[in-house]
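Protein chains: 2
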Amino acid sequence: MFKDATTDEVNNVVQQAWKAYHVYRKFSLKQRAQFMRRVAMELEACGEALIQTAMGETNLPEARLRNERARTIFQLNSYADACERGEWLDIRIDTAIPDKNPPKPDIRKMLVPLGPVVVFGASNFPIAYSTAGGDTACAFAAGCPVIVKAHPAHPNTSQIVADAIFKAVDKCIMPEGIFAHVHGVNFEIGKALVMHPYVKAVGFTGSYIGGKQLFDWANQRKEPIPVFAEMGSVNPVFLLPEKLRSAAADIAKMYAGSITLGVGQFCTKPGLIIGVESGSLQTFIHDLGKAVQQITPAAMLHPGIVKSYKEKKGNALLQEEVHLVAESETTVKENEGLPTIATASGSAFLDNPVLHQEVFGPYSLVIRCKDMNEIIEVAKYLEGQLTCTLMATENDIRQNEMLVEAVKNICGRIILNGVPTGVEVCLSMQHGGPFPATTDSRFTSVGADGIKRFARPIAFQNWPNELLPDELKNENPLGIWRTINNELTKSAV
Amino acid sequence: MFKDATTDEVNNVVQQAWKAYHVYRKFSLKQRAQFMRRVAMELEACGEALIQTAMGETNLPEARLRNERARTIFQLNSYADACERGEWLDIRIDTAIPDKNPPKPDIRKMLVPLGPVVVFGASNFPIAYSTAGGDTACAFAAGCPVIVKAHPAHPNTSQIVADAIFKAVDKCIMPEGIFAHVHGVNFEIGKALVMHPYVKAVGFTGSYIGGKQLFDWANQRKEPIPVFAEMGSVNPVFLLPEKLRSAAADIAKMYAGSITLGVGQFCTKPGLIIGVESGSLQTFIHDLGKAVQQITPAAMLHPGIVKSYKEKKGNALLQEEVHLVAESETTVKENEGLPTIATASGSAFLDNPVLHQEVFGPYSLVIRCKDMNEIIEVAKYLEGQLTCTLMATENDIRQNEMLVEAVKNICGRIILNGVPTGVEVCLSMQHGGPFPATTDSRFTSVGADGIKRFARPIAFQNWPNELLPDELKNENPLGIWRTINNELTKSAV
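From first to last, the protein sequence lines are chains A and B. Quick note, in this note's numbering, the first sequence goes up one by one and the last residue is 805. Quick note, in this note's numbering, the second sequence goes up one by one and the last residue is 805.
Next comes chain A alone, as it looks inside the complex:
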């Protein structure tokens, strides 16, 4: 096992990261991209050892972990491409107008890196949102060194990936300190990292309690820093009447799969399904229950997650007017999560905040509302979400504008006739929503726009062309899209 980092070790890695920051931020976009691609190659080169170790530490199946590694490699490569394209730099150039009164100076703006970033790995994505995951890739692209706090549930997996990154650091002759990896079970290590004056931003994926604590610490610093915490979501699904009448059975089948995918251990798992009481809703509930009965339970990530699932689900089922619909018919082992569906009325839901809380695992609650107005009330009452889904015909959408607007108001991604699980890695993805889904709804943690989390603008006023960074030079040597005098162009000034 790994020993917790000491306070001295934490201080030392942050000091090294601060030094590395002053070197790395001057590296060209191309150099950063090459480094990221090398990290991807080294990750690939970890081979079977990574997959086997991750299987042992997380109980996730081999195929899933192979996919997750492929996704992580894709992230590193595609964010490297985005880094090099440079559109994320948001370059704006306004040329001088010397004969204006007063004279207008030449001003040129671009994003620059914030400084060392601390990344807390996610237990449910031991590769894609951990050591060399999305946050790390975005920070490297932005020009920031990264200090990863290994998730204590998969320290060996994290160490293997960290060693791959160290190899990439060596091979690309990156500054020492651009990457550091610390272990820690004690929460004081996380606190020491977040409170260190040379740390300038934090990325986190995990529980509300954990994320909110980091956010509070960061805001209590002498110099508050941004925390990008993705803290989960119940991902409500709204079943609209026409659609439900025409496809109750199909929706039930699709959702039985989505709710139990990966033992329900996705932050986009649909934990709440809302419809108007009707024969079609009865059919849906019946079919969903039947389908879930056939799902075989599987082992969850670690004992803490199993315990929490049992407790939170148990508590939800104890609430007044909550009824069990169905459970998997297969006998569950101690380390497994039992697929479960429950139901409650709209009024019971509106009256009881306990039912609004995420139950992380293969569980979903179907809310039976008395009419569309009550559904709108539910939508208005919900807290911020990563995703909302509408199962709806075009007619349903047109006839329920108030609901659609209320739903837009509370989420970062709004899916029509699909499932929220499966988060595509692409520029248009928004993975982030109003609090408490995330601590900053203005940014995404998936897709190359996530690079912007770790950068801030700086404007150069009245600098001669030769002394400007390449990104801002008249001749546009990097061939980047830039806004010059309010016009987007790749042309020279």
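Heads up, a few of these hints could be off.
Identical copies go unnamed one by one, so any copy, or any two together, can satisfy a pair.
[As the list claims (entries may be wrong)] In the DSS-like style, the derived pairs of lysine-lysine whose C-alpha atoms are separated by at most 25 Å in a straight line are: (1) Lys534 - Lys524; (2) Lys720 - Lys785; (3) Lys416 - Lys720; (4) Lys785 - Lys338; (5) Lys503 - Lys315; (6) Lys692 - Lys331; (7) Lys624 - Lys534; (8) Lys764 - Lys720; (9) Lys764 - Lys802; (10) Lys619 - Lys645; (11) Lys534 - Lys503; (12) Lys524 - Lys503; (13) Lys720 - Lys342; (14) Lys692 - Lys534.
Since the hints were derived computationally from the structure, they do not count as laboratory data.
Could you slot chain B onto chain A? The hints should help.
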């Protein structure tokens, strides 16, 4: 005089703003822009009454206030243009790839408004950064209703401008509640506004104490919200050796003007000038002192500002090893700020945090460092700043890379051979810097990029073209620049 708003009144205006938000956010970019241009017209139509009232309440001279009104009108019109161009929406479209495994859905992302915004007016810009100022214009462009808390130092000026906005609301048939104006001397009114659950963002320009308090309240909410507080800066100026040798007298003249412009009441006033001890620096200090002796004192904004200037300046001058260089030779009246220059050694400055604090008014401190290394130490030791300025030849810049990098690290705008006062309104402007200059260095409060402060992304997954907002439709009916499958284009999908 105006009465303080009651708790009921505060609650009522926020409720109205929340209702208006649901209507206004669906208004087209064109409708928003038309409304903003109408506000600009109504502001112009306020005529002499506005200028005379502002002169009476702020002691600012007529010419300055006419310029400030012109600037405010320019802001409203140019942000309206930017609103309509729509580049700020950061549209990303990734089209579906149905035969990928798993199939890639169609995803389209754009920015949507956050919700009602509370704006606290600035005492030093009664028009341009108050009631219809930059924050208000940005929020309207983003699609957010605005509640202005009038600055108690210019309530009548604020009321005149508010009435102009109400006229524009009527003429453009905007939803009731899109704008509200409340008076209040008691800080509890500000607190009630910031803590109201329907308020979703805050704009503020003023003191560190005020801004930090709003920031803390906002983060203590059940749902924390972003606060964009611009809290001042000492705007350090670094005199590099070759430049200083060649132009000490010219720089002194230029800076005497910048330090005392508008009685030193700009957040970009240069409050700290740093050079290496030398004959040229002596010449500079001597000439700066001489020039400041000739500046006639003028009335400051309000008695609180005069009092604070006297106290903070007095305290700075009492510090060990701080020496008075010169004061204006004209006798100062009770409501006036006395132009003053002081000096201290680099080591005295490094040892004494009191000297790092902003003295709001016509005062600047010249730091005599023993060598360039000490200047770098000073730069590294300084807190976040709105601006830093380098007075330097190209040789100076090339030979002092460490200093230049340290300076970039602490500011939002870096000026070469100019003065920091004078903040151009254009897209390339960055008015915002690392804490404590502002609470969020990733955003600007001047220039149309300020619109993004009040918006967040939302992704539409798998929506048919007809049901998408116009901004995201295949045919690009608004003719906006969009990133489609990683390519910036104005073409249709």
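Against the structure, the hints come out as follows:
1. Lys534 - Lys524: Classified as both: same-chain Cα gap 18 Å, cross-chain 11 Å, threshold 25 Å.
2. Lys720 - Lys785: between (41 Å within a copy, 17 Å between copies)
3. Lys416 - Lys720: between (42 Å within a copy, 22 Å between copies)
4. Lys785 - Lys338: Within one copy, since 15 Å is at most 25 Å while 40 Å is not.
5. Lys503 - Lys315: For Lys503 and Lys315, only the intra-copy Cα distance (17 Å) is at most 25 Å; the inter-copy one is 46 Å.
6. Lys692 - Lys331: between (48 Å within a copy, 13 Å between copies)
7. Lys624 - Lys534: between (37 Å within a copy, 22 Å between copies)
8. Lys764 - Lys720: Answer is both: 23 Å inside a copy and 18 Å across each meet the 25 Å cutoff.
9. Lys764 - Lys802: both (21 Å within a copy, 23 Å between copies)
10. Lys619 - Lys645: This pair counts as within: shortest intra-copy Cα distance 13 Å, inter-copy 73 Å.
11. Lys534 - Lys503: both (14 Å within a copy, 22 Å between copies)
12. Lys524 - Lys503: both (12 Å within a copy, 22 Å between copies)
13. Lys720 - Lys342: Cα proximity of Lys720 and Lys342: across copies only (22 Å, versus 38 Å in one copy).
14. Lys692 - Lys534: between (37 Å within a copy, 16 Å between copies)
Of the numbered hints given earlier, the model fails none.
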